[in-house]
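Number of protein chains: 6
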Amino acid sequence: MPTDFKRPSGRQPEQLREITLTREYTRHAEGSVLVAFGDTKVLCNASVEPGVPRWLRGKGQGWITAEYGMLPRATHTRGGREATRGKQGGRTLEIQRLIGRSLRAAVDLKKLGEFTITVDCDVIQADGGTRTASITGGCVALVDAIRYLQRKKLIKTDPFRELVSSVSVGVFKQTPVVDLDYPEDSGADTDMNVVMTESGGLIEVQGTAEALAFSRSELDAMLDLAEKAGAELFAHQREALGLRD
Amino acid sequence: MPTDFKRPSGRQPEQLREITLTREYTRHAEGSVLVAFGDTKVLCNASVEPGVPRWLRGKGQGWITAEYGMLPRATHTRGGREATRGKQGGRTLEIQRLIGRSLRAAVDLKKLGEFTITVDCDVIQADGGTRTASITGGCVALVDAIRYLQRKKLIKTDPFRELVSSVSVGVFKQTPVVDLDYPEDSGADTDMNVVMTESGGLIEVQGTAEALAFSRSELDAMLDLAEKAGAELFAHQREALGLRD
Amino acid sequence: MPTDFKRPSGRQPEQLREITLTREYTRHAEGSVLVAFGDTKVLCNASVEPGVPRWLRGKGQGWITAEYGMLPRATHTRGGREATRGKQGGRTLEIQRLIGRSLRAAVDLKKLGEFTITVDCDVIQADGGTRTASITGGCVALVDAIRYLQRKKLIKTDPFRELVSSVSVGVFKQTPVVDLDYPEDSGADTDMNVVMTESGGLIEVQGTAEALAFSRSELDAMLDLAEKAGAELFAHQREALGLRD
Amino acid sequence: MPTDFKRPSGRQPEQLREITLTREYTRHAEGSVLVAFGDTKVLCNASVEPGVPRWLRGKGQGWITAEYGMLPRATHTRGGREATRGKQGGRTLEIQRLIGRSLRAAVDLKKLGEFTITVDCDVIQADGGTRTASITGGCVALVDAIRYLQRKKLIKTDPFRELVSSVSVGVFKQTPVVDLDYPEDSGADTDMNVVMTESGGLIEVQGTAEALAFSRSELDAMLDLAEKAGAELFAHQREALGLRD
Amino acid sequence: MPTDFKRPSGRQPEQLREITLTREYTRHAEGSVLVAFGDTKVLCNASVEPGVPRWLRGKGQGWITAEYGMLPRATHTRGGREATRGKQGGRTLEIQRLIGRSLRAAVDLKKLGEFTITVDCDVIQADGGTRTASITGGCVALVDAIRYLQRKKLIKTDPFRELVSSVSVGVFKQTPVVDLDYPEDSGADTDMNVVMTESGGLIEVQGTAEALAFSRSELDAMLDLAEKAGAELFAHQREALGLRD
Amino acid sequence: MPTDFKRPSGRQPEQLREITLTREYTRHAEGSVLVAFGDTKVLCNASVEPGVPRWLRGKGQGWITAEYGMLPRATHTRGGREATRGKQGGRTLEIQRLIGRSLRAAVDLKKLGEFTITVDCDVIQADGGTRTASITGGCVALVDAIRYLQRKKLIKTDPFRELVSSVSVGVFKQTPVVDLDYPEDSGADTDMNVVMTESGGLIEVQGTAEALAFSRSELDAMLDLAEKAGAELFAHQREALGLRD
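In order, the protein sequences belong to chains H, V, F, U, G and R.
In this text, residue positions in the first sequence follow this note's numbering: the first is 156, and each later residue adds one.
In this text, residue positions in the second sequence follow this note's numbering: the first is 156, and each later residue adds one.
In this text, residue positions in the third sequence follow this note's numbering: the first is 156, and each later residue adds one.
In this text, residue positions in the fourth sequence follow this note's numbering: the first is 156, and each later residue adds one.
In this text, residue positions in the fifth sequence follow this note's numbering: the first is 156, and each later residue adds one.
In this text, residue positions in the sixth sequence follow this note's numbering: the first is 156, and each later residue adds one.
There could be a bad hint or two in this list.
As the list claims (entries may be wrong) - Straight-line alpha carbon distances no greater than 20 Å define the calculated PhoX-like cross-link-like pairs of lysine-lysine that follow:
{"id": "1", "chain 1": "R", "residue 1": "K242", "chain 2": "H", "residue 2": "K242"}
{"id": "2", "chain 1": "G", "residue 1": "K266", "chain 2": "G", "residue 2": "K311"}
{"id": "3", "chain 1": "R", "residue 1": "K311", "chain 2": "R", "residue 2": "K266"}
{"id": "4", "chain 1": "H", "residue 1": "K265", "chain 2": "H", "residue 2": "K311"}
{"id": "5", "chain 1": "V", "residue 1": "K214", "chain 2": "V", "residue 2": "K266"}
{"id": "6", "chain 1": "F", "residue 1": "K308", "chain 2": "F", "residue 2": "K265"}
{"id": "7", "chain 1": "F", "residue 1": "K328", "chain 2": "F", "residue 2": "K265"}
{"id": "8", "chain 1": "G", "residue 1": "K242", "chain 2": "V", "residue 2": "K242"}
{"id": "9", "chain 1": "G", "residue 1": "K266", "chain 2": "G", "residue 2": "K307"}
{"id": "10", "chain 1": "R", "residue 1": "K242", "chain 2": "F", "residue 2": "K242"}
{"id": "11", "chain 1": "R", "residue 1": "K214", "chain 2": "R", "residue 2": "K161"}
{"id": "12", "chain 1": "G", "residue 1": "K242", "chain 2": "F", "residue 2": "K242"}
{"id": "13", "chain 1": "V", "residue 1": "K265", "chain 2": "V", "residue 2": "K307"}
{"id": "14", "chain 1": "G", "residue 1": "K242", "chain 2": "U", "residue 2": "K242"}
{"id": "15", "chain 1": "V", "residue 1": "K242", "chain 2": "U", "residue 2": "K242"}
{"id": "16", "chain 1": "H", "residue 1": "K242", "chain 2": "F", "residue 2": "K242"}
{"id": "17", "chain 1": "V", "residue 1": "K242", "chain 2": "R", "residue 2": "K242"}
{"id": "18", "chain 1": "G", "residue 1": "K266", "chain 2": "G", "residue 2": "K308"}
{"id": "19", "chain 1": "R", "residue 1": "K328", "chain 2": "R", "residue 2": "K265"}
{"id": "20", "chain 1": "G", "residue 1": "K311", "chain 2": "G", "residue 2": "K214"}
{"id": "21", "chain 1": "U", "residue 1": "K265", "chain 2": "U", "residue 2": "K308"}
{"id": "22", "chain 1": "R", "residue 1": "K242", "chain 2": "G", "residue 2": "K242"}
{"id": "23", "chain 1": "F", "residue 1": "K214", "chain 2": "F", "residue 2": "K311"}
{"id": "24", "chain 1": "G", "residue 1": "K214", "chain 2": "G", "residue 2": "K265"}
{"id": "25", "chain 1": "U", "residue 1": "K308", "chain 2": "U", "residue 2": "K161"}
{"id": "26", "chain 1": "H", "residue 1": "K242", "chain 2": "V", "residue 2": "K242"}
{"id": "27", "chain 1": "G", "residue 1": "K311", "chain 2": "G", "residue 2": "K265"}
{"id": "28", "chain 1": "U", "residue 1": "K242", "chain 2": "R", "residue 2": "K242"}
{"id": "29", "chain 1": "V", "residue 1": "K265", "chain 2": "V", "residue 2": "K214"}
{"id": "30", "chain 1": "F", "residue 1": "K242", "chain 2": "V", "residue 2": "K242"}
{"id": "31", "chain 1": "H", "residue 1": "K242", "chain 2": "G", "residue 2": "K242"}
{"id": "32", "chain 1": "U", "residue 1": "K242", "chain 2": "F", "residue 2": "K242"}
{"id": "33", "chain 1": "U", "residue 1": "K242", "chain 2": "H", "residue 2": "K242"}
{"id": "34", "chain 1": "R", "residue 1": "K308", "chain 2": "R", "residue 2": "K265"}
Stated by the list, open to error - Some chain F residues flagged as far from chain U (calculated, every beta-carbon gap over 10 Å):
{"id": "35", "residue": "P168"}
{"id": "36", "residue": "R306"}
{"id": "37", "residue": "S370"}
Calculated directly from the structure, the hints in this document are not laboratory data.
The beta-carbon is built from N, C-alpha and C at its ideal position, and this holds for glycine as well.
Let's have the full structure, built from the sequences with the hints guiding it.
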């Protein structure tokens, strides 16, 4: 870390933004969580529907999928509405595939029974890290959806395995930092999204060199930061869900 | 009104739901208003962009347009995401055309100069009346966007003409009522959306018989209710905007 | 009415254009009507198909729907073909939803049995009022389609309730006029489409201020004109169908 | 020809259906022709627009193109509307490419100047041979559009070269026949569309074996029939256009 | 033939390019053939799938269909990827319909049983005549797919009727030539694709005048060339398949 | 590594499949490479076009982008053609975005000048690792395209920075292995794609737990394997390109 290093937000390299997880944010969804990572705000609605996609029918297991969207003016300048353009862009598809894969790691699909839980992550306001906020908040909404199934006695066993959370890490002005906001994200040399389980495992590691290649030691430093942040994120999720540590 | 008439919500026939208009709801848009008509909640973001559509270029006037969307789980059961289906449905297109026409009545486009203001109305939670809430809230966001243009000295004269608001009225169990919520909306014989200007003019009147035709006298009764509600809605808008009566 | 008021066509304010309804215009459709409101000409083909949309199956009732299209050179300048552009525009979707709703009011869907009648309204030549001509002509085609079902003994009871017709009214140069042609339509302050039943009920009232808001008294004057025109339109429909008055 | 050979319509093998060409069928298009080959009726509207497609700009020549559509109930059973399905099918694209190529042979594009003439061929009623009727009628509409350009003094020289017409021929029950109607078309072993110029040249020959391969001698017999029919079609076109023989 | 006539490639008018048919080119498809007509190279993969399209179900017969594509840089300048543009162009649809029709003539669909064979023809490198190469190579891949069905004892009788091949012929500088390469194709007055059966029948004849109309005698000369070329193509196919003459 | 560990292919854990890079595979593209990683075969065509995307214009720099496609029968069972379905799937978009980002790291875009190089990666045959083969082969095609620009004197300086290659690594039966083929890929616990530069930097690290989370030590072991494989891949690339070590 250069001696004059300073993050645009004034945060320490290992310091997360303020994290909030507001449950029951809307009233129709079986799980509805507004997650904020600082100024990044995502509404995560988990919807339970009977049945599974065609290719899973008759296998006695459930399915979890995610869809991601950005309100047109969630960003500094207005982005075109994907419904108007007639298709979801590559970035959107990539992100929602990531969220879906990540959340499936939190659940034993065999115990879920033939239900599909769709987690819609809609970005109300963007300031970097929308996909990591979506996974972290989406997991809480998913837990609420599973509790709904249990409360309604639609499933008998508990399909929940463990919490999943996600954070971005990067190298900004030669310094590894955690939870990049938009000014950092657009100026970083390297950007990495890490998805973790509460028991310490890695679900996804996606690192990208924006301008310069990164080294194994930078990768290690970033993973250390992610691990530390994960502990905080799991604590936020547990608190929001009223789970004992 | 039958003697045992009762609205599902317990409201009086002429009683609006609780109306709130929260300005500066998100931080990027030039105008950002969360409007609530009871449990119906719509985020109205007004975005200013230089330039006008091709067919208006060189005419020295501005343009105001609207887009409307519903988050997939704004409703009781999850609706498919329009971006995923690859097109906006007929209902969506119809509503956003209505919102655009209505808001253009609030502004002198010639005085706006060559700017386009796009008002995105995204329904966070739906309980009937999303289009009337969108117009009412969108007008407040539009005023904020115009104030932004003035504050930045991008326009010299004030293009704002007068406030525009909207409310639904209908015939529910043979009784004219105002501001129908979802249980009323789905059970009403007739449903009408009225868009009004503060000076007492009508911008749009869209009445639809859902099951039984309606009579001229029912139409009159509904318009009376709308007029009365309009006065309240204009007061809410003025208060939110800090305008003197 | 200003003393020097004159409609571009020389018609009186309450005077309809020449109305013709030609049945059996094409030979394949169960009902096929060419309707002309002056130079506006629409081919209305009603097609009977067994079965109903998925969401109505097993309810023992039928369905009536409409589709609307404009031949590319029905208008002064060639409009793009919607099939080439790859989607129906918002105006098209809005109009065909209106036609469908209006025609459903003419029929008791429960008595129709599990049949779907699709009324295709294709504009051969446009001169204002294509949607009102479509509803008026489409209703005659619909009656022919119902008669076909009865003649073939596919249904036992008569699902027909009453005739439905439609006309446009507007305020042109401060004067309420009926059945606007294109020069009036493009210059009118207010434009309203009214859909009526033979028994005097209103099915749809859609009034739009193009430039200036309209008043309650203007609304009343327009509705009076529409009511008067309705009587003439029903007479045309009855005559075309050979119905006694 | 088998001794008991009989065409479903009772026509002789070399007999065309009744051909009519009605000019000025609609009033907006620069050329508007309703062509009937018996019960096959196609509205051919030729529209003149200044300019040419991007890839022709600056070459000082014009362009002629065609679009083809079938009204949903032009056929025995209702076909889906292509605008609703969101794309033109392969058959439609193939036909409109054929019509465009054929009509371009009638005109010297260099003499046309930088104008585009679009010929819309919309099938009002189908009974076999819609593409050949479209070419034959479209050529008459095209001539009217060229005359419009000359009358308006928008072009100085006459770009018209010679008439183009088209007819279908086929082998039906082992017998070569001309101008197949729907019952023949669906039962024919071989179907061939021939596009000819008045001076005796061939523009397109498209023969398809539906079930059995065809021989060179059958091909020759079909071409003889087409040549003979061409003479009649050119006479119809000349008469409709008031051209001396 | 003018005395100084010379084909760009130096070939004789009746001379085919070098033809190669490489079987088992890829390992997954039931039939996989790389066909080369000189520098035109097309990969033809025949895939066997149980079942038939909906409109054929229960009729106890099979189906053969084709799809055609061009790799973006198969041509001199890069063409847009159709998957990116979101639809197949008219030329592509026209070609794949032609290939499908042609290959169905090689097989008795009734004896095929309820299987669908899809022949994908993907152009690796284009130099004129991609559709004729696709049909010629696709037929060999189709035979391999049928042999697969027989080897796996999925069908009991042999549905194969006879070989089908295709070649282009044209009039280039007033001279009829066979198997046009790109420089000839783009300069030819007339271009014709002929699809033939081994027993001497014609399946498709598609002749197009690019600039000047063609005469009956030119048509005859072209067909003579095609017939002669067909004999060579069938020999290539037989040799590749190890069939005795 | 369990004592009885055996890869399906019999390879050692650190052993790559046979790698071949065939330049000038097709003749039109400025760079054309067929890359094989064992049975995975991808045709990588690099096309040079003048100009850059709109958002880069006037910045004096070039652009490199990639498109990815899979021939329908590249896989065990036929996959639908994306051009037919009308859109590229999420997996395709994700892969082509990855290839483009990776290849841009090989080049100094400022020195490229206002040219766009599009690298089309079309999978002829798939057996796991199509994206890593695409990057490795695409980089060689890219170098050829740059050499073309230099040979034609279209650019003066050399924009090439360093080679980029890619390999997959994974945990298969608890053992880290390199360059997974399809049987391993579909059975692996963890799958990671690594993109490297010749100078030892990391461009992309994308690790995904398919079933079980992975640990930091497994991540390290996989990265070690990737680094070792990278050295071999760079040697293959240098040899193919005739570069001295």
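Hints, one by one, checked against the model:
The straight-line distance between the Cα atoms of K242(R) and K242(H) is roughly 9 Å, inside the 20 Å bound, and the hint therefore holds. A hinted pair counts as satisfied when its Cα atoms are at most 20 Å apart, and K266(G) with K311(G) qualifies at roughly 8 Å. At roughly 8 Å between alpha-carbon atoms, K311(R) and K266(R) fall within 20 Å of each other, so this suggested pair holds. For the hint pairing K265(H) with K311(H), the CA-to-CA distance comes to about 12 Å; that is within 20 Å, so the pair holds.
Between K214(V) and K266(V) the alpha-carbon distance is near 12 Å, which keeps this suggested pair within the 20 Å criterion. Simply put, K308(F) and K265(F) have alpha-carbon atoms about 16 Å apart, close enough for the 20 Å limit, and the pair holds. Of the pairs offered as hints, the one joining K328(F) and K265(F) is violated, with about 46 Å between alpha carbons and a cut-off of 20 Å exceeded. For the given pair, K242(G) sits about 15 Å from K242(V) by alpha-carbon distance, which is consistent with the 20 Å threshold.
A hinted pair counts as satisfied when its Cα atoms are at most 20 Å apart, and K266(G) with K307(G) qualifies at roughly 16 Å. A distance of roughly 16 Å separates the Cα atoms of K242(R) and K242(F); the hinted pair therefore holds under the 20 Å criterion. A C-alpha spacing of about 54 Å is found between K214(R) and K161(R), which places the hinted pair above 20 Å, so the restraint is violated. Using a Cα cut-off of 20 Å, the hinted pair K242(G) and K242(F) holds, with the two alpha carbons roughly 13 Å apart.
Between K265(V) and K307(V) the alpha-carbon distance is near 19 Å, which keeps this suggested pair within the 20 Å criterion. For the given pair, K242(G) sits about 9 Å from K242(U) by alpha-carbon distance, which is consistent with the 20 Å threshold. Taking the CA atoms of K242(V) and K242(U), the gap is near 13 Å; set against the 20 Å cutoff, the hint holds. Note on K242(H) and K242(F): the hinted pairing holds, with a Cα-Cα distance of about 13 Å set against a maximum of 20 Å.
Of the pairs offered as hints, the one joining K242(V) and K242(R) holds, with about 13 Å between alpha carbons and a cut-off of 20 Å not exceeded. With a C-alpha separation of about 13 Å, the suggested pairing of K266(G) with K308(G) holds against the 20 Å cut-off. Proximity of K328(R) to K265(R) is assessed by CA-CA distance (about 46 Å); at most 20 Å being required, the pair is judged violated. A distance of roughly 17 Å separates the Cα atoms of K311(G) and K214(G); the hinted pair therefore holds under the 20 Å criterion.
For the hint linking K265(U) to K308(U), the alpha-carbon distance of about 16 Å falls within 20 Å, and the restraint holds. The suggested pairing of K242(R) with K242(G) holds, with an alpha-carbon distance near 7 Å, which does not exceed 20 Å. Of the pairs offered as hints, the one joining K214(F) and K311(F) holds, with about 17 Å between alpha carbons and a cut-off of 20 Å not exceeded. Simply put, K214(G) and K265(G) have alpha-carbon atoms about 9 Å apart, close enough for the 20 Å limit, and the pair holds.
Our distance criterion of 20 Å between C-alpha atoms is broken by K308(U) and K161(U), whose separation comes to about 53 Å. A distance of roughly 7 Å separates the Cα atoms of K242(H) and K242(V); the hinted pair therefore holds under the 20 Å criterion. In summary, the hint linking K311(G) to K265(G) is supported, as the alpha carbons are separated by about 12 Å, within the 20 Å threshold. With a C-alpha separation of about 13 Å, the suggested pair K242(U) and K242(R) falls inside the 20 Å cut-off, and the hint holds.
For the hint linking K265(V) to K214(V), the alpha-carbon distance of about 9 Å falls within 20 Å, and the restraint holds. Simply put, K242(F) and K242(V) have alpha-carbon atoms about 9 Å apart, close enough for the 20 Å limit, and the pair holds. Our distance criterion of 20 Å between C-alpha atoms is met by K242(H) and K242(G), whose separation comes to about 13 Å. As the CA atoms of K242(U) and K242(F) are separated by approximately 7 Å, the hinted pair is consistent with the 20 Å bound.
Distance restraint check for K242(U) and K242(H): the Cα-Cα separation of roughly 15 Å lies within the 20 Å cut-off, and the hinted pair is therefore satisfied. Pair hint K308(R) plus K265(R) holds up; C-alpha atoms about 16 Å apart against a cutoff of 20 Å. Every CB of chain U is more than 10 Å from the CB of P168(F) (nearest about 25 Å), matching its label as outside the interface. Taking the minimum C-beta to C-beta distance to chain U, about 18 Å, the non-interface status of R306(F) holds against the 10 Å cut.
No beta-carbon of chain U is positioned within 10 Å of the beta-carbon of S370(F); the least distance is around 36 Å.
The structure fails hints 7, 11, 19 and 25 (numbered hints given earlier, in ascending order).
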